[in-house]
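Using the hints, position chains C and A against chain Y.
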Amino acid sequence: MEAAIARNLGSLGAFLPEIVLSAGVLALFLLDLVFRGEGRRGRLTWAFGIVLALAAAALAVTPSSPRGLFNGMVVQDGLGTFFKWLFLATAAYTAGIVVHSKEISRARLGEFYALLLAVLLGMDLMAVSGDLLMVYLSLELVSLVSYALAGFRKDDVRSAEASLKYVIYGGVASGIMLFGISYMYGLFGTTDLALLGPKIKAFSGEVFVAQTLGGATAAQLALVVAVMFVLAGVGYKMASVPWHMWCPDVYEGAPTPFTAFLSVGPKAAGFAVALRFFGVGFTEAAGGGLVNTATVPWPAIVGILAAITMTLGNITALGQTNLKRLLAYSSIAHAGYLLMGLAAASILGFQSVLVYLAVYLFMNLGAFLVVAIMAARTGGEDISAYRGLVRRAPFTAIAFTVFLFSLTGLPPLAGFTGKYLLFAALLQQGGSWYVALAIVGAINSAISLYYYLRIVKAMVLEPPAGAGGPIEVPRTYGALLAGSMAALLFFGLFWSPLYGASLRATQALFRG
Amino acid sequence: MPHLLTYAIFAPLAGSAAIVLLVLLRPLLRLPKEQVDSASRLFALVSSGLSFALTLLLWAQFDGARTGPQFVDHAVWIRGFNIEYFVGADGISIAMIILSGLISFIATIASMPWWVHDDPQHPHFSKRMVPGYLALLLLLQGAMLGVFCALDFFLFYVFWELMLLPMYFLIGIWGGPRKEYAAIKFFLYTLAGSVLMLLAVIGLYYGSRSIPGVPLALADGTPVQHTFNMLALAQLGQRGLFQTLTSLFGYRFDRVVWLALFIGFAIKIPMFPFHTWLPDAHVEAPTPISVILAGVLLKMGGYGILRVNFGILPEATRFFADMIAVFGTINIVYGAFVCLAQKDLKKLIAYSSVSHMGFVLLGMAAFTPQALSGAMLQMWTHGIVSAMLFLIVGVLYDRAHHREIEGFGGLAARVPEYTALMGLAFFASMGLPGLCGFVSEFMVFYGTFAVYQTLVIVSASAVIITASYYLWTIQRMFLGKLNEKYRDLADVNWRERLTLYPLGALSIFFGFYPQAVLDLVNGSLQQMSHVLRGAF
Amino acid sequence: MLHVGLAHFLAVGALLFALGAYCVTTRKNAVGILMGVELILNAANVNFVAFGHYSWGGIHGQVFALFVIVLAAAEAAVGLAIVLTLYRHYKTIDVTRAERLEG
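Chains as they are written, first to last, in the numbering used here: chain Y, 1 to 512; chain C, 1001 to 1536; chain A, 2001 to 2103.
For reference, chain Y alone in the conformation it holds in the complex (with noise of 0.2 Å):
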């Protein structure tokens, strides 16, 4: 008992990071009741910002060489550091959107940031939960409160309807994920992924030990029902097919920033988990490569749910006139590009989910910038909105179509680096059905274009509707938004440093 008590109290010492965000958490909450008046809006955008900086600084300082913490409840390793920074760089992208934006009230920007503080502490705990039961909290923890955040506007109907879809599909998908691990615990009587590891390994040989289940066969199912479960709780965070109906809702309803947010943040948040939770406890390193070790053909099972989800969700794009449900479709078949990079269930598959999530950051995260621009100046979300933008705010509409191509996967930007190295990972591992699955994400990058088009299209070649002058962008945004498009070059044409970071968090993966 004391053992596991001084076990928890060393641990607190790589927690600071988290720790700090905590702390940030009670603090942006009674700053809100302390800051009044005019200077109200830019000191709380400070407050968030140095919270953010001190939580990078922990960061920095705290090691990452693999260890278990609160007795493998959370584990720290190279991956949970990657996914940590990729969070923190979109809590500050986000509130780089917040602060000129007029959907959250000045009255309100406190809570806010507060809310975004806490979902961002939920993710950086899924990212590094070694035990499913944290995995369930910490994915409750960011649900909660994103609830809370979608419908922030309370006096538009839209966003109390798309909070209300939002927590509804959302309470079924982790109720099946709850579900699913009262079974991984009942045939494994653990719920620590580092313990079940070796145990599903061993679980394909042996009899199964709970006769009274039905023998061998009965508990395979058992497993097979349970990892899709399982899946449930991670596919309804990273949006994929069949638990993607929420997105389109909740993104055109909740508020633009917050949408950005939500559109990179709990996806990459899932993918932290679901690339834990199949690395550690269904593969292991063996001869340069990984192996499946369990029954369970999950590499299929998430390669037929990537070919569906991207198809859908690109199929699906080619009809919206909104923006906002276009990139929420847009983000759905991202999620399906990215599962390929799971199904590749390779270490470069793995490095090739983390690449295109660092890209997607700046691509997507951007691209809902100049949404919450134009909202917030045309009142536009409307496709119609932004025809002949680039005569209005020349920088935008420049800044919009590299984000689009960067999306569509053109060279020489970074959406290019990392769709190729998803489907490299894939035709790594070669043999007709990973090609076919490649082949299915090529098509479909293809169709991407022609939404992504429709957009340029009405931007650069359509003249403006009626009475359209040149519209102010404020000074942070432009910044942004430069700062979005040197990122996606220098990314698309030098992607040896995040190759050889994502290389090392995959690595630290399967060492610890």
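Read the hints as simulated data drawn from the structure, not as lab findings. Note that the structure is predicted; figures quoted are calculated from it, not measured. From the three backbone atoms N, C-alpha and C, an ideal C-beta is built for every residue, glycine too. Careful, some of the hints might be misleading.
To give a feel for the contact side, a few chain Y residues facing chain C, derived at Cβ under 10 Å [to be verified]:
| no. | residue |
| --- | --- |
| 1 | A376 |
| 2 | P394 |
| 3 | F416 |
| 4 | V435 |
| 5 | A442 |
Just chains C and A now, with coordinates in the frame of chain Y:
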């Protein structure tokens, strides 16, 4: 001069960057719009001209007897994936590099507003959003040169895709009435082809490995497992490595990959039935862009097939040779017949490109040295002649603002100089002896006859159709009764002379002295022919 | 004499899960749907406790269930608050009437 190719590729790219920088700095420097426009034009002319001059220097220094790459620049780019910056010129690419430099420069000159007649109802494309247009044009030029120079497959692919973006905007913004449709169609077609190509590229990468006699290494000597180096891949392919890999979908690996690559290139050529983007894109694009499309872009398909399909996968090429020949013949005959039915002059010339690129396919399929050289020469001559044809259409369109063949008549008396130039281009295109089209078509027929007798006979008879649609067009436009509307039509101006006369001269020059080009390419092509026919 | 064992509890769990899923998919009333979610969560709880007791011993299963109960309460609180917001807009909690977001 070291790094010649790199300078040639990056000169236009630098020009493009300079223009963008100028536009960004404009509010700071408080420059009026006219000055920015003029400065952009100056940048464009200088950088494009420099690039052209460098390719000419290349021509002077190139040693046609050697088969390996010359003017090589080789450095590691992305070590994690063995990706290199590797450019070089050999017999397969040198002609295309020079052609690309020449046509690019001509297109830049054709984009200048000199002597343009101002008509408020029909604003000339060369005066709209000038810096944007020129920046994109230069980006396109750099990317095209990059495609021909790249010897690293990844680099090749990056340049290949880089070309799509400027092309989309150049057609979509500065094009004709149906520009948006044409631009999106072009983009979707080529992207669909190129994503398949990307998979094939990665597939070849993972298929490659060191075998005895072909050690794989990076530029700095580090031995590697897989490679994107096209020359190393070609060596591996010629030793039969890719035939032995695990089959895909029940078909042989090399054949599946070959097909994926071929479709990507065939869309660019464009080969029937993938050709439908071409008439739309050519017709809607502004004149200089049509010139580049017909003069250089189509050649990328032919070049890609030679470099990649033929070079890396010779065994699969032998398997598919008959198919290429048949599709080539279909292109020739189909293109010619469709031309007969055209009412729009630009569309007629667009379809004549389909027909003429068929000769390239037919010639390549035969594998004989004469036919391969003929196919290469055909790409060269078509590059010059079709560029000239599109410029000629542009001349008329700038003045009359329409291109209906039936809408003209008896122009020969009003615009004799124009008529002469058009006649020259038409005759060169239909392959009249003494002009360049004749030599290449003759070489293709001569080299192919022994292999595909029937197809050559069918194709040769299509030449009669070619002659008839050109002659009929001349008759309808230039002879007969003068259309009173065009009584005051102005003859060619100096800007147009600047672009048309050099091309006209070249089409005569290569009609008499095709050896100038053949000397460059024969060495490499003979070796390729040798490899391809190895298993016969 | 019937001996109640693990299988019986698992059957109850599975039944609860099925009922919950049915409730979620067919109910139009938002509160009804949230109740269905509760059923699903409690189905899992039954499993946890039963597995903990019969198969593995220890307190792990019970602890897991405790956490779930707490979270279920939190989720219900947030869920009901959102339902209330919706009610203020529509004067109904029939989810089929909330259809501003379609497409």
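- Task: Verify the interface restraint on F416(Y): the C-beta must sit less than 10 Å from at least one C-beta of chain C.
- Result: holds, 7 Å
- Message: Quick check on P394(Y) please, does its C-beta sit within 10 Å of some C-beta on chain C?
- Response: holds, 9 Å
- Item | Proposed interface contact between A442(Y) and chain C, which counts if any beta carbon pair is under 10 Å | Holds, because the Cβ-Cβ distance from A442(Y) to chain C comes to roughly 4 Å (cut-off 10 Å).
- Task: Tell me if A376(Y) is really an interface residue toward chain C, meaning its C-beta lies closer than 10 Å to one of theirs.
- Result: violated, 23 Å
- Message: Using the nearest Cβ pair, does V435(Y) come within less than 10 Å of chain C?
- Response: holds, 5 Å
Hint 1 from the list above is the single one not met by this structure.
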